[in-house]
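*Asks:* What follows is each chain in one-letter form.
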Amino acid sequence: MTIEALNPPHASAPGLLSRVFAGRTGPLTVVCLALLVVWYLGAVWLNAPILIDGYERRDVDWTFSQLAEDAMAMERPILPAPHQVVVELDKSILGYKITSKRSLIYHAWVTLSSTLLGFAMGVVLGILLAVGIVHVNTLDRSLLPWVIASQTIPILAIAPMIIVVLGNIGFTGLVPKALISMYLCFFPVTIGMVKGLRSPDPLQMDLMRTYSANTAQMFWKLRWPSSVPFLFASLKVAIAISLVGAIVGELPTGAQAGIGARLLVGSYYGQTVQIWAALLTAAAMAGLLVAAAGGVEKLALRRMGARP
Amino acid sequence: MAIEAVMQQQEAASGAAEQAAEAVIEVEELSLTFETADGPVFALSEVNLTVNPGEFVSFIGPSGCGKTTLLRVIADLERQTAGRIAVNGVSPEAARLDRAYGYVFQAPALYPWRTVERNVMLPLEIMGLNAAERRDRAARYLDLVNLKGFEKKFPWQLSGGMQQRVSIARALSFEPDLLLMDEPFGALDEITRDHLNEQLLRLWERTGKTVIFVTHSIPEAVFLSSKIVVMSPRPGRIIDVIDCNLPPDRTLDVRESKDFAEIAHRVREGLRAGHSYDD
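For the protein sequence lines, the chains are V and Z, in the order given.
Start counting the first sequence at 1140; every next residue gets the next number (the numbering used here).
Start counting the second sequence at 11; every next residue gets the next number (the numbering used here).
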């Protein structure tokens, strides 16, 4: 037996299919298609009882294909079919001017602006709390339990209170919503940064001590750079829940604009298609925001010499 | 040329130190006990030692004999529980605040987010040197440890031996007269270690610094040192101090000489006397 026979050369050029499935594209497509199929089946199944009820009352004969067709064309379905949502998305994103109150882009922007403001405030607050907790022993013991307790309060219960109280002292619109975002998103930042700022190993700390570095130098030259990977992990969580906070903040106010307002109006009038369109927009926004945070992370870590 | 410039500067500095002619380190009846959950651990017990300017002193002994602890007390990274110690005639804390020594740890302890050059510049930034001076010194000392051309690399792109050389350049960069080295080559393979030993010896000869060097390798201690301090564990104490005056221009070949074998033998005898390997 020759060596070649024992070690056959690798198949020269892998086929298109195997290349697609080697990456993430293939598996992702399969999952998306499966979800679509489940969604369509669910739409027919959930909407069928109402339709059948209607057929029987009007005393008309119906076939299954008739039922399926009707189930995907209802004005107020229990579960709209995906293509209905796509049509609604197309209409409300491309059909109106961006400044129009009917444009989803307009509403998305309203929510996005309070999301970003709340995120910025939450990150600053989260980092400041973590710096305090790491450097001051008293804060470590007194503050951390409160930080954790703050997250056990259901946000849906406290959000209307915040909005009402702030509305009474003259804060309406963007700021109260941003505050709710901040309330939610400072938490992962604090927890991540406490861990990150404490992550330098004893050797790295001893080194600073041999240079008799002061606390500020220790922070900027050692603690802060060590915490950057932890910071970005927290930011990716924080930006997603900041969006949730902004939407929740729009619900109790009967807000005029924003994704939350769209959801609320949709549910008043049973406009399920509109609700689903708003939901998908929110999901897409969350995806984009997390991806953006991930992009910044990659750039930052590459500049800090992370292995490619 | 860069090396010559360094030499001249160092000669000037060591010349000043010799005029003072005062012991760099004086240790009297020093003890250190760690209180642990399992009872006290006697890391150091009644240690006496004097280190003079320009000496190359090795602490040798089995693990647990307190050699690293003694180095850490000198560096003010630990405090003694009894006895007296002076570094440059003042307390270790005052010496540390005065940035009297450069410390080389067992691991390179490079900051992974800094390039090689910026790692060497770290102490210089902390000491507030200006950017031009920092860059100048980093270049000079990286050249000294033969790492010219690696300035912009990150630590993970270097081998273990190169990383340890960076950490030596970093300890030298702020030009301390005293160099404390804690098993700096312990994690390296023997070939790299031999090479770095020779480089370190040349460096010491050129600069006239006082070096305190912790090791558990007998050949390394004999080859490098002008004085060998043999230590033994439980409790950590000094059992022998051996003067070791091999020719100054020695190379690794000296390890085959009769003098070398005699000193190594005495070190081994000391280690054997101080430590029963049966327990």
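Because the hints were derived from the structure by calculation, they are not lab data.
Remember, predicted model here, so these are calculated numbers, not experimental data.
Mixed in with the good hints, there may be bad ones.
Dumping the calculated DSSO-like pairs for lysine-lysine here, alpha-carbon to alpha-carbon at most 27 Å [said to hold, decoys possible]:
(1) Z/237 with V/1437
(2) V/1334 with V/1437
(3) Z/268 with V/1360
Derived coverage of chain Z by chain V (criterion: at least 3 residues anywhere in the stretch with Cβ under 8 Å from a Cβ of chain V; other residues may be distant) [what the hints assert, rightly or not]:
(4) 109–116
(5) 131–137
Ideal placement from N, C-alpha and C gives every residue a C-beta, glycine not left out.
*Asks:* Does each hint hold? Answer for all of them.
*Replies:* Status of each hint after checking the structure:
1. Between the alpha carbons of residue 237 of chain Z and residue 1437 of chain V the distance comes to roughly 52 Å, so the proposed pair goes past 27 Å and is violated.
2. With a C-alpha separation of about 20 Å, the suggested pair residue 1334 of chain V and residue 1437 of chain V falls inside the 27 Å cut-off, and the hint holds.
3. A C-alpha spacing of about 50 Å is found between residue 268 of chain Z and residue 1360 of chain V, which places the hinted pair above 27 Å, so the restraint is violated.
4. Given a C-beta distance limit of less than 8 Å, the hint that chain V covers the stretch 109–116 of chain Z holds, as 5 residues qualify and 3 suffice.
5. Counting residues of the stretch 131–137 of chain Z whose C-beta lies closer than 8 Å to any C-beta of chain V gives 5; at least three are required, and the coverage claim holds.
Of the numbered hints listed earlier, those contradicted by the structure are 1, 3.
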